[in-house]
Amino acid sequence: MAKPRSSFGKDTGLQARMLLTLFLLGLVYVVFIGVLFAAGAGAGLIVIVALVLLLAQLFGSDKIAMATLGVKEVSPAEEPELHAIIERLCVQANLPKPKVAVIETSMPNACAMGKSKKATTVCATRGILQLLSPAELEGVMAHELTHVINRDVMVMTLASFFATLASLIAQFALFFGGGFGGGYGRNRNEEEDIMIVLLVSVIVYAISFLLLRALSRYREFAADRGSAVLTGRPSALASALLKISGTIERVPSQDLRKAEGMSAFFIIPARTKKSLMNIFSDHPPLEQRLAALERLESQLQSAA
Amino acid sequence: MGLRDILTGRHTVQGPAPDRLFAITTAYITLQSEHQIDPSGKAAIVFQALATSEFESTLRDMEEVVTATGSDSGTKVSTEDDSYGYRWMVLHNPAGAPSVEDLAVGINAVSSSIETAGYGERLLCAVFAFEDARKQRVYFIYNYKRGYWYPFVPAAGQQQQRSTERELQIKAQIASELPIEPELERWFPLWGIPI
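Residue numbers (numbering that gives the first Met the number 0), protein chains in the order written: chain Y, 0 to 303; chain B, 0 to 194.
Please note that a few of the clues may not be correct.
Said to hold, decoys possible - Which stretches of chain B does chain Y cover? Using the computed rule of at least three CB atoms under 8 Å from a CB of chain Y, they are: (1) 73 to 85; (2) 177 to 183.
To be verified - Computed cross-link-like contacts, DSSO-like style, restricted to lysine-lysine with a CA-CA straight-line distance of at most 30 Å: (3) Y/Lys116 / B/Lys170; (4) Y/Lys62 / Y/Lys117; (5) Y/Lys117 / Y/Lys71; (6) B/Lys134 / B/Lys41; (7) Y/Lys71 / Y/Lys116; (8) Y/Lys96 / B/Lys170; (9) B/Lys75 / B/Lys134; (10) B/Lys75 / Y/Lys96; (11) Y/Lys116 / Y/Lys98; (12) Y/Lys117 / Y/Lys98; (13) Y/Lys242 / Y/Lys116; (14) B/Lys170 / Y/Lys117; (15) Y/Lys98 / B/Lys75; (16) Y/Lys98 / Y/Lys71; (17) Y/Lys242 / Y/Lys71.
Just so you know, the hints here were simulated from the structure itself, not pulled from any lab data.
By construction, the Cβ of each residue, glycine as well, lies at the ideal position given by its N, Cα and C atoms.
Using the sequences and the hints, build the whole thing.
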């Protein structure tokens, strides 16, 4: 039997950028931990608080999101087509079947929630079910399932742990006047230490914020690619993205403001205006995603 | 999936598992003689048809091969696309001579030529159609990724309902001869099977 050959090229560039981002993030965090230790005690409490927050985020965020978004689980009898699409993708990706849910809103979007392959919910809005053809919907669902396969929720939550910690310290220090070393009788030395910790925390937070946004964008590209690999139809996803983004910009902005906070979960961020700068965005611009999908399609067509 | 794959979000689609397709060629004898579940002379293979000229030419070659090998046994081949964009290649044995062996050989010819062409990861499943004593359709589905079989019995007269009880009975009857998918949540239904 012939050696299995890939229909798509390698994504070395994307992987390199992702590893570089993770490395830089790690570097920032190592410096941060160093400073915390140098500053000595007092930081211990905050680390514990941050750990608790992290665990809560990891284990509770999907439940909170599901409650606030009005996610309703649907049975195969209610949504036969959506279930059939997801079942076939699960066979294809060798995944157990996730829970399938629908959000009753006209805004076309889709999301996947859950921290592991076993406990996942994929949702589609009513709007996206009406808007897309089965092949396009399959592309979107494959994108969401790739997020699950790649454990994106887990990776992003863990990667943002120290950023959360840094922001906590900065807020703590500002609100309580740097009082986490114990109020009275501080000497000048301690005051200086606290100022340094505060300053470093702010810087760490700023840098890691940008790095995390970059990481999030790379993972979107990876999920687009994963969808193309899974379905073998990159152009179907491209067509779906065009349809979705076209509609999102036409939806009244009041709906969008409500949905703004959830954009990290969605396939296309719920925003009307173009972001000021791409580096602040957690989703890559549509043109870049379409260009990447076009490259995949031409790789597929010329694979010989 | 390794740590590096998780960190970089790299994902490749798995190819077929070690082939256990031919287990059906011995299991059907037990099904027929002991449980009155008779083969209906039809089988199908389901895969994602890539919209590329190379894949299409692979398919054309393959159809010729299957038609040629099937001419001795009288196996006919037809293809159709379902509404989800998957292609069904249906193998049909003439009435009176329903041979599961011939069908399995035909299905295997299709799957191995797809694999040889380098598209093994596009294979979804193979379906063999049977009928029990009460004229109820019983399907045996072979999942290429897993290398396991499972029974699928659509409930008679009801839309998109399956008879899980009957499926579990069949599993108990045949589990010693057919490698049955151990995880029940992977017994994915296939609605609108054209055979």
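Status of the hints after comparison with the structure:
1. As drawn, the region 73 to 85 of chain B meets chain Y at 4 residues by the rule of a beta-carbon pair under 8 Å; at three or more, the given contact holds.
2. Counting residues of the region 177 to 183 of chain B whose CB lies closer than 8 Å to any CB of chain Y gives 1, which falls below the minimum of 3, so the coverage claim is violated.
3. For the hint linking lysine 116 of chain Y to lysine 170 of chain B, the alpha-carbon distance of about 26 Å falls within 30 Å, and the restraint holds.
4. Taking the CA atoms of lysine 62 of chain Y and lysine 117 of chain Y, the gap is near 15 Å; set against the 30 Å cutoff, the hint holds.
5. Proximity of lysine 117 of chain Y to lysine 71 of chain Y is assessed by CA-CA distance (about 19 Å); at most 30 Å being required, the pair is judged to hold.
6. At most 30 Å may separate the alpha-carbon atoms for a hinted pair to count; lysine 134 of chain B and lysine 41 of chain B meet this at roughly 15 Å.
7. Under the criterion of a C-alpha separation no larger than 30 Å, the hint pairing lysine 71 of chain Y with lysine 116 of chain Y is consistent with the structure, at around 20 Å.
8. Distance check on the hinted pair: lysine 96 of chain Y and lysine 170 of chain B sit about 21 Å apart at the alpha-carbon level, within 30 Å; holds.
9. Between lysine 75 of chain B and lysine 134 of chain B the alpha-carbon distance is near 24 Å, which keeps this suggested pair within the 30 Å criterion.
10. With a C-alpha separation of about 35 Å, the suggested pair lysine 75 of chain B and lysine 96 of chain Y falls outside the 30 Å cut-off, and the hint is violated.
11. Proposed proximity of lysine 116 of chain Y and lysine 98 of chain Y is supported: the alpha carbons are some 11 Å apart, at most 30 Å.
12. Pair hint lysine 117 of chain Y plus lysine 98 of chain Y holds up; C-alpha atoms about 10 Å apart against a cutoff of 30 Å.
13. Distance hint between lysine 242 of chain Y and lysine 116 of chain Y is fulfilled; the C-alpha atoms sit about 29 Å from each other, no more than 30 Å.
14. Taken as a hint, the lysine 170 of chain B and lysine 117 of chain Y pair is honoured in the structure, with Cα atoms around 24 Å apart against an allowance of 30 Å.
15. Between the alpha carbons of lysine 98 of chain Y and lysine 75 of chain B the distance comes to roughly 40 Å, so the proposed pair goes past 30 Å and is violated.
16. A threshold of 30 Å between alpha carbons decides the hint, and for lysine 98 of chain Y with lysine 71 of chain Y the separation of about 10 Å falls inside it, so the pair holds.
17. Our distance criterion of 30 Å between C-alpha atoms is met by lysine 242 of chain Y and lysine 71 of chain Y, whose separation comes to about 24 Å.
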